[in-house]
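Keeping the supplied structure of chain A fixed, place chains B, C and D upon it in accordance with the hints.
Below, each chain spelled out in residue letters.
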Amino acid sequence: MSKAALEPVKKKFASEVISEHAQHGDETLVMKKAKIQAICEFCRDDPAVAMDMLSDLTAVDYLMQGRETRFEVVYHLYSTTRRHRLRIKLPVGEDGAEVASVTGVWKSANWMEREVWDMYGITFEGHPDLRRILLYEEFVGHPLRKDYPIAKRQPLTRREDPVEGIWEQKHILTGPSAGAHFRGSYDIE
Amino acid sequence: MTSNSEQLAVQERVALPTETMTIMMGPVHPAMHGTVRVVVTVDGERIVHADVQVGYLHRGFEKECESVTWGQVFPYTDRLNYVSPILNNVGYAMAVEKLLDLEVPERAEYIRVISGELSRIGDHLTCIAAIAMEMGAFSIFLYCVRARDIVYDRLEELTGARVTHAFCRVGGVKDDIPEGWLEKVRGGFDEITGVIDDIDGLLTKNRIFLDRTQGVGVVSMADAISSGFTGPVGRASGIDYDVRKDHAYGVYDRLDFDVPVMDAGDTFCRYYVRMEEVRQSLRIIDQAIDQIEPGPVKAEGAHRVVLPTKNETYNTIEGMIRHFKLVVDGIQVPEGEAYTYVEGGNGELGFYCVSDGSGVPVKVRCRPPCFIVTGQLGNMLVGHTLADVVPIFGSLNMIGGECDR
Amino acid sequence: MGIELYGVDSLQKILGWARKYSMFKQPFVTACCGMEYMSTMGPRYDLSRFGCEFVQFTPRHTDLLFVVGTISERQAPVLRRIYDQMADPKFVVAFGVCASSGGFYQNYAVVPGIDQIIPVDVYIPGCPPRPEQVIDGIVRLQEIIQAGETHSQRELRQLAEAKG
Amino acid sequence: MPADTYLPLIVFIFVGLIVVAMFYVPAILMGPKNDNDVKLEPFECGNEPVGEPTVPFNPRFYQVAILFLVFDVEIAFLYPWLVYYREKPTVWGLVIMGLFLTVLGAALIYVVRKRVLRWA
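Protein chains in written order, with our numbering: chain A, 4 to 192; chain B, 470 to 874; chain C, 12 to 175; chain D, 19 to 138.
In short, the hints are calculated from the structure, not lab data. Every residue gets a Cβ at the ideal spot worked out from N, C-alpha and C, and that includes glycine. Honestly, I wouldn't trust all of these hints.
Every beta carbon over 10 angstroms from chain C, so not counted as near; a handful from chain B, in silico [to be verified]: (1) Glu533; (2) Glu572; (3) Ala606; (4) Arg615; (5) Pro647; (6) Ser695; (7) Ala768; (8) Thr785; (9) Glu787; (10) Arg791; (11) Asp798; (12) Gly869; (13) Asp873.
27 angstroms max Cα-Cα, derived DSS-like pairs, lysine-lysine [to be verified]: (14) A/Lys110 to B/Lys714; (15) B/Lys794 to A/Lys6; (16) A/Lys38 to A/Lys155; (17) B/Lys567 to A/Lys149; (18) B/Lys674 to A/Lys13; (19) A/Lys149 to A/Lys92; (20) D/Lys51 to C/Lys24; (21) A/Lys149 to B/Lys714; (22) A/Lys6 to B/Lys714; (23) C/Lys174 to D/Lys132; (24) A/Lys92 to B/Lys794.
To spell it out: a stretch of chain C is covered by chain D in this simulated footprint if at least three of its residues, at any positions, have a beta carbon under 8 angstroms from a beta carbon of chain D; those stretches are [unchecked claim]: (25) 89-95; (26) 138-152; (27) 156-168.
Chain A with its partners taken away, still in its complex shape:
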């Protein structure tokens, strides 16, 4: 986490930098989201920075903390040659939550961006096939948003769904309570 990673980027994209800190030793740059592709290409190609691996890409929802821009997309970059790291954070507003995709720069971004789209609803324009990765297509909404209730289920199938043929009528047992409705005990002895 040496300073060497942060200075060149800050010098080159001074206009983009919003703020900078090094909490707990993690060099972090908070930047505007407009030129993220150029920044990432610079990070990868510049010999002094040489971030040839995108270690992690995720987003954070600051709805409860009352920030003006709700989301924040976080990139963790790593250099296998220089052995140093850098974190880039892009504040992203809620309406029109859109960031340029960096799959062109690193191949590992492909699935991570799909997961951020699936979980937070932040679209990555320029992504080869942006579709849900962890949830099923019929799922409505983005679960990791703070305003999505944790237990709001959208079941694909339940026991009483008719299977053609034998299960057509409602199943004969009492209603589908929390799965504990037929604890019959078998008197075997």
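This is chains B, C and D only, laid out in the frame that chain A set:
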């Protein structure tokens, strides 16, 4: 003669056009570990396109972490990479300790190293068992499971559970080592080494195994770096990056071990790097057992973080209040964010934790090494035959819990 | 329809004995319980001592659906389809707390217990259950089979009769 | 020497049928029948079946099947000839089988030279 077969091929393509067939190697498939569906478009036997669909074991890890206190997240981290659970515990514990700037006593670090390396041996043994069994070598599966049961016995004696240990705590580990445990751990070494040598003899020179794994699923070093390959899969493609060596955390700088790196980048290398790493882990545990000294197991004097001992809780009012506050409101982690990374079973296992000062985390992001590796499975499969899907997928060691979280 | 045999006691005993000691297992393995399932199948705990060793991955050749691990909402239709495609007589064992009740994943992603989707005969608690618990669950199921109709069979039969 | 009666053959076939019936008839009689439409669909790893199975694929696979058939039947013909030849080794028998083997040997050489199977 060869021109003759080219003409033959050209005539065929013109006269007898063929169509591709879509085959679903779905979640219920012996080689797909139950949670991945690969929709393969096949021309004859050659794979033209493979769409890998994961998410069948998405259990909402992050959503659950955002609704429990910092201390209660540990059981969830067990079930991320459930093949080497203690490595996840250590990763998450270090992330919170980084946020708290907390010092962990040396003995706790050594216990974390010993149990973590035991967990890593279990991970590699399970992966080798899966690779071999899916290619028909069922006896290797039985050898590996027998050796892994030894590891599970030692970890059960230490933590109380065979698979889901929840052994680490913020600021150290749950309990000290039971009596005579270290000798038992060392006693199990020769059996594990015996099993590894048996597998070496059976598989590494086995003609069928070599033909099916060498030169299959090759990933060049440049591709591997751009695709974020870390861990055994990355080291098999030539990336000399091991978090324990390059960013030594805990007491790894006092232990010497070497990092096996091969550069062919095919399925055989991924298998062989894991075999070598089991031996290195045994070496690490051996040295750690020699270097460990008695001492406290939890951070001293960190009243706001570490639970008081049982007799303090029941006999003193301060202990009881402290215990009550810690359990109900959780550890009050100061506001901020931190990213720590450890060498997990499949690679760089990172934890990015964000806290807003309350007892409940805002975000606990786990960097899933096998999710990022499986992302490239689609490109690796193109051009291979249908039978190669099994060894390639087996060698990536995709674990459902860590991949889908 | 099968000949009404449940009346003939001695033949039913033979039938129960034959079915209980020759169960072909469809391991529907998804999550951490899979590790304990491997240990149960391994040489040390060895589930095959109870006649329940042979592992088949197609529902056509199996009569015991061993649901091992968490069933997420995305996996539910797959589980339902596998259960429907299994040959009769079929039994279902829920292996582990996540399969029995969703475990400590009570959220949008996980089915709260597979009895929300298919009828279950034996629930094995534990997260993951120890191999001994699994063997006890299998022995429990064998007792139920020996006693005649298991729960899911009775339900299927009643529904078949109700359908006429 | 032709067997004077065919009784052993009939008994052999009859016992075979009995054993087969022993497995199938009880299963058909005593097995519960709960058919539904999903059960009759093809099994595709837990998904709805996609695409139709009869897709025109490469004729090379058909070629491999035919080649196997030819050489397998050749071995099938060798067995009775060998048993018979061992009892009464005549030159004429050798000539006939030699002719048979040379024809098939030529076919094998042709296949190898044409590199028909070299399409991996």
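Against the structure, the hints come out as follows:
A Cβ of chain C approaches the Cβ of B/Glu533 within 10 angstroms, the least distance being about 6 angstroms, so the stated non-interface status is violated. The Cβ of B/Glu572 sits about 31 angstroms from the closest Cβ of chain C, beyond the 10 angstroms cut-off, so the non-interface label holds. No Cβ of chain C approaches the Cβ of B/Ala606 within 10 angstroms, the least distance being about 15 angstroms, so the stated non-interface status holds. With a least CB separation of 5 angstroms from chain C, B/Arg615 falls inside the 10 angstroms interface cut-off, contrary to its annotation.
Separation of B/Pro647 from chain C is adequate, the least Cβ-Cβ distance of about 19 angstroms exceeding the 10 angstroms criterion. No Cβ of chain C comes within 10 angstroms of the Cβ of B/Ser695; the nearest lies about 29 angstroms off, and the non-interface call holds. Under the 10 angstroms C-beta cut-off, the non-interface status given to B/Ala768 relative to chain C holds; the minimum distance is some 27 angstroms. Consistency note on B/Thr785: stated as away from chain C, and its beta-carbon is indeed over 10 angstroms from all of that chain's, at 32 angstroms minimum.
A cut-off of 10 angstroms between C-beta atoms confirms that B/Glu787 is not in contact with chain C; the least separation is 31 angstroms. No Cβ of chain C approaches the Cβ of B/Arg791 within 10 angstroms, the least distance being about 26 angstroms, so the stated non-interface status holds. Listed as outside the interface, B/Asp798 is consistent with that label: its C-beta sits roughly 20 angstroms from the nearest C-beta of chain C, beyond the 10 angstroms cut-off. For B/Gly869, the requirement that its beta carbon stay farther than 10 angstroms from each beta carbon of chain C is not met, with the minimum near 6 angstroms.
The beta carbon of B/Asp873 is not kept farther than 10 angstroms from every beta carbon of chain C, the shortest such distance being approximately 8 angstroms. For a cut-off of 27 angstroms, the pair hint linking A/Lys110 to B/Lys714 stands: about 26 angstroms separates their Cα positions. Proximity of B/Lys794 to A/Lys6 is assessed by CA-CA distance (about 39 angstroms); at most 27 angstroms being required, the pair is judged violated. At most 27 angstroms may separate the alpha-carbon atoms for a hinted pair to count; A/Lys38 and A/Lys155 exceed this at roughly 37 angstroms.
Between B/Lys567 and A/Lys149 the CA atoms are separated by roughly 25 angstroms; this keeps the pair inside 27 angstroms, and the hint holds. Restraint check for B/Lys674 and A/Lys13: the C-alpha separation of about 53 angstroms exceeds 27 angstroms, so the hint is violated. Among the hinted pairs, A/Lys149 with A/Lys92 is consistent with the structure: their alpha-carbon atoms are about 19 angstroms apart, no more than 27 angstroms. For a cut-off of 27 angstroms, the pair hint linking D/Lys51 to C/Lys24 stands: about 20 angstroms separates their Cα positions.
Of the pairs offered as hints, the one joining A/Lys149 and B/Lys714 is violated, with about 38 angstroms between alpha carbons and a cut-off of 27 angstroms exceeded. Simply put, A/Lys6 and B/Lys714 have alpha-carbon atoms about 21 angstroms apart, close enough for the 27 angstroms limit, and the pair holds. This hinted pair does not check out: C/Lys174 and D/Lys132 have alpha carbons roughly 63 angstroms apart, beyond 27 angstroms. With a CA separation close to 34 angstroms, the supplied pair A/Lys92 and B/Lys794 exceeds the 27 angstroms bound.
Check on the region 89-95 of chain C: 5 of its residues sit with their Cβ under 8 angstroms from a Cβ of chain D, so the three-residue criterion for coverage holds. Proximity of the region 138-152 of chain C to chain D, defined as three or more residues with a beta carbon under 8 angstroms from a beta carbon of that chain, is not established by the 0 residues found. Chain D is given as covering the region 156-168 of chain C, and this holds because 3 residues of the stretch bring a CB closer than 8 angstroms to a CB of that chain, at least three being needed.
Hint violations for this structure: numbers 1, 4, 12, 13, 15, 16, 18, 21, 23, 24, 26, all remaining hints satisfied.
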